[in-house]
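Visitor: Sequence:
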Amino acid sequence: MAPHHVPMEAQTEPVLIFVLGAPCSGKSSLCAELSHCYALDHLSIGNELRELISPNPSPPIARIKSMLSASEIETFTSNVTSGTLAPIHLTPKYVKERIFPTGGDHDNIRCLIDGFPRDAARWQVFKQYVKEFWTPDERAILIVMNIEEELAHERFVSRGRAGDVFEKRFNEYERTIPEIIGAMDKDRMTIVGIPKGVNNGEGDLTEFVAERLEGTEAWERVDD
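Sequential numbering of the sequence shown, starting at 250, is according to this note's numbering.
It should be emphasised that the hints constitute simulated quantities derived from the structure, not laboratory data. Built from N, CA and C at the ideal position, the CB exists for glycine as well. Some hints here could point you the wrong way.
So the derived label-pair ranges between C-beta atoms look like this [unchecked claim]:
1) Glu423 x Thr261: 32 to 42 Å
2) Arg408 x Ser331: 39 to 49 Å
3) Ser320 x Asp473: 40 to 50 Å
4) Asp453 x Ser315: 34 to 44 Å
Using the sequences provided together with the hints, build the complete structure.
Guide: And the structure:
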């Protein structure tokens, strides 16, 4: 799809789109296309946390790193290295600061949040962190990327990753996603699911999302 012109000066309310899916479900590819077409910032939480614990993170991430305590950085390092979840408050704290920086400009925020939250409890903590700036409602979007386990596994292994790690992460996602969807639905968010049969590497997922969301207030704000 061709990029859309977005009149930034006309928008002040945050546009937040959360994208969730199992490992190798295509989240990054979809987010890259949506970011290009609709002038959205793509925050890949997994990639950003890996960069956070690196020696030389990029300026936005380095700023947040400077705000964390040594013990928080040590905890992030341990969890990212082992592939486990950080304590319940820590990743929501990072995501809040990444979207709504302390002392920063909160106008014209247009973000794709890729890979967060990992469970419903962290969603509740995140809402507490950001309640001064944003409250979820029907204008916020959740995109859920369903995929056949076999296809996701093939992609995972083709990228040189261990198959047993995939199974652990896939099962964890399958266990937690119903509760996350339930929590966001309770917050009246606009939710679109991409079926397994559509998410097969052949169709235009950006067009699918746009068609499913067309006519909603949430999408009008994205495609303004």
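Visitor: If a hint holds in the structure, say so; if it doesn't, say that too.
Guide: Cross-check of the supplied hints:
As the Cβ distance of glutamate 423 to threonine 261 is approximately 38 Å, the hint placing it in 32 to 42 Å holds. Taking 39 to 49 Å as the suggested C-beta distance range, the pair arginine 408 and serine 331 does not conform, at roughly 19 Å. Against the hinted window of 40 to 50 Å, the Cβ-Cβ separation of serine 320 and aspartate 473 comes to about 43 Å, which satisfies the hint. As the Cβ distance of aspartate 453 to serine 315 is approximately 41 Å, the hint placing it in 34 to 44 Å holds.
Hint 2 from the earlier list is the only one contradicted by this structure; the remaining hints agree with it.
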